[in-house]
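Chains A and H are the protein sequences, given in the same order.
Take 1 as the starting number for the first sequence in this note's numbering and just add one per residue.
Take 1 as the starting number for the second sequence in this note's numbering and just add one per residue.
It cannot be assumed that every hint is accurate.
Selected chain A positions facing chain H (Cβ under 7 angstroms, derived; list incomplete) [as the list claims (entries may be wrong)]:
(1) T34
(2) Y113
(3) T125
(4) I133
(5) V138
(6) V212
(7) L237
(8) V241
(9) T272
The calculated label-pair distances, taken between Cβ atoms and stated as ranges, are [said to hold, decoys possible]:
(10) A:F59 - H:S264: 29 to 35 angstroms
(11) A:M126 - H:Y228: 34 to 40 angstroms
(12) A:G83 - H:Y88: 39 to 45 angstroms
Derived from the structure by calculation, the hints contain no laboratory data.
Glycine is no exception: its CB is placed at the ideal position from the N, C-alpha and C atoms.
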Amino acid sequence: MLLKNRKPSENGGIGSRIFDFCNILFMLCLAFITLYPMYNIFIVSISSAEYIYAGAVSFIPKGINFDAYRMVFKNDSIWRSFGNSILYTTVGTAINVVCSAMCAYPLSRKDFYGRGFFTLFVAVTMFISGGMIPSYLVVNQLKLINTMWAIVLPGAISTYNMIIMRTFFQNLPVSLQESAYLDGANDITILFKVVLPLSMPIIATMTLFYAVGHWNSYFNAMIYLNSKSKFPLQVLLREIVVAGNMADESSDLTSNINIIAINFKYAVIVITVVPILVVYPFLQKHFTKGVMIGAIKG
Amino acid sequence: MSSRSSVKPNTQRPQGQPKSLPRPIREIIRCKYLYLIFLIPFIYYIVFQYWPMYGILISFQDYNVVKGISGSPWVGFKHFEKFLFDDYFWTLVRNTLLINIYNLLWGFPAPIILAILLNELRSERFKKVIQNISYLPHFISTVVVCGMLVNFLSSDGLVNQIVKFFGGESIQFLMYPQYFRTIYVASGIWQSVGWNSIIYLAALTGIDAEMFEAALIDGANRWHRIRYITLPSIAPTISIMLILNLGRLMNLGHEKILLLYNGSTYETADVISTYVYRRGLLGNDFSYATAVNLFQAVVGVILVSASNQISKKVGETSLW
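Okay, chain A solo, but in the shape it has when bound (with noise of 0.2 angstroms):
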């Protein structure tokens, strides 16, 4: 950044000096206050429960063993509820890619016939939507309920995101696409061939982002399933964690079961976030570009 390499260090003495000093203390705060809740879950979970219930963990985590994690593993409500984030998460974000995709395409070339209606009728939607009652009234005269369909059908688009990608792909060279015509291809043709390989990017970014929103999302989960063999992971998760609902994971560990549950409840976040950190590199190679394209440009 040309900013960064003109700024003289020279300058300023003192004062300028004192305010840097300050402004590296409060970002190392910042980045304290940011990673400790996490890393206190990380350490909480691989405790014993005498250390724990005393408060003496803090730090560095201590009478280190695994059981919780052994518990998690054993559970098959675990697995079942992880399996079925992994399904919806993969099946939702090829859907939404895919649909976000062809809406975003037609809507890119300025000689789409009737496109100033058809982006007003897309526009309309982020601003005017039935609400949560008439969703579910819809969900549920379509016979989604308590199917996968039902979580992954109503977000297929998001307007949102769909905008960023017709931004991306209305700055794409508009040769490569008429010399495809020339050479007798068809709007599809273009669109598979060559539009879409030109589009690695903003496709890798938009898999990023939707793949996150369904591994997070619990509330439409939550409303339109009955089966608890349909849960994905974070509404088990909120069970577990939040309403504190016990059930059966703690049978055979003796002591306190207050504190049994903790180190289980905290594997359990932890197994939850892992992938999230998994694939954060990734994402953050791709989230500020699509960002900034939203932002700046559309």
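Following the hints, position chain H against chain A.
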């Protein structure tokens, strides 16, 4: 697409094109594949966005699921009257507004300040590291954040351990209405300040470096530079974000509150959307809940338009 619109009107027509077809039809035929591609998204919007909009009608009925919209009796504004005269409704409105105002007071400036401070960091690498750390909470799910909160705020949780360390009594924070807003807003800032700073940082990178140089030559110090160059340069971005936020003063999502509230904290925690959920989906009072929701949506539209108008008058930036 010059090759596409090369047909000049009323002069040359390509072979085989019937001259009686009106222009719209010709255009549609030309775009037939684009329409084909757009078909599926179009169906999606009709089914999952516009059909529910039609369902808003039930707020004027005593909706019966079996009879459907066509068979249910019309009751006009009965539901609207019911909640407008209900004291509890106004408690909900107050809670919604207050939480949003708190959020605006604390949560709006925070990303701006962070962006400016990040921009003042000298080491590019340090800045990147801090940025990446700050974005992390945004990707953590609401359930996990609330799970952390519920456990940290419990009687032997992290926060109470700190309280006891300083000699205080442990408090079940989530059971007391007076703490709710603070907990909600503070955790919201924790989760979003990094992510929200992106848009301001983007605006900051657009500032011309020469302005800073000129200012230095004129003897401006750090504070002057921030006040007279940095801030005015991102003022348009700040205005737009402010308009967007003001327009949403009546809208407050239900997901996080549902996870954090309980019977003891309804008086500060219950907001319009959580009430709609309880009355509508749990209590099956579809029409009433939809009416409440509709009221909220209409007020929201009015607010967005109003704040847009005000912004047009005061400055030059606006949404439309």
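How the hints compare with the structure:
1. For the restraint placing A:T34 at the interface with chain H, the shortest Cβ-Cβ distance is roughly 5 angstroms, inside the 7 angstroms limit, so the hint holds.
2. A cut of 7 angstroms between beta carbons decides the hint on A:Y113: the least distance to chain H is about 4 angstroms, and the hint holds.
3. Nearest Cβ of chain H to the Cβ of A:T125: about 4 angstroms, under the 7 angstroms cut. The hint holds.
4. Annotation: A:I133 was flagged as interfacial toward chain H, and the flag holds, the nearest CB pair being 5 angstroms apart, inside 7 angstroms.
5. The interface hint given for A:V138 holds, since its Cβ lies 5 angstroms from the closest Cβ of chain H, which is under the 7 angstroms cut-off.
6. Taken as an interface hint, A:V212 checks out: its beta carbon lies about 6 angstroms from the nearest beta carbon of chain H, inside 7 angstroms.
7. With a least beta-carbon distance of about 5 angstroms to chain H, the hint placing A:L237 at the interface is held under the 7 angstroms criterion.
8. Taking 7 angstroms as the C-beta contact cut-off toward chain H, the hint placing A:V241 at the interface holds, the least distance being around 4 angstroms.
9. A least Cβ separation of about 6 angstroms between A:T272 and chain H falls short of the 7 angstroms threshold, and the interface hint therefore holds.
10. Between A:F59 and H:S264 the beta carbon distance is about 33 angstroms. The supplied range of 29 to 35 angstroms therefore holds.
11. Taking the beta carbon of each, A:M126 and H:Y228 are about 36 angstroms apart, inside 34 to 40 angstroms as hinted.
12. The beta-carbon spacing between A:G83 and H:Y88, approximately 42 angstroms, falls within the hinted interval of 39 to 45 angstroms.
Violated hints: none; the structure is consistent with every hint.
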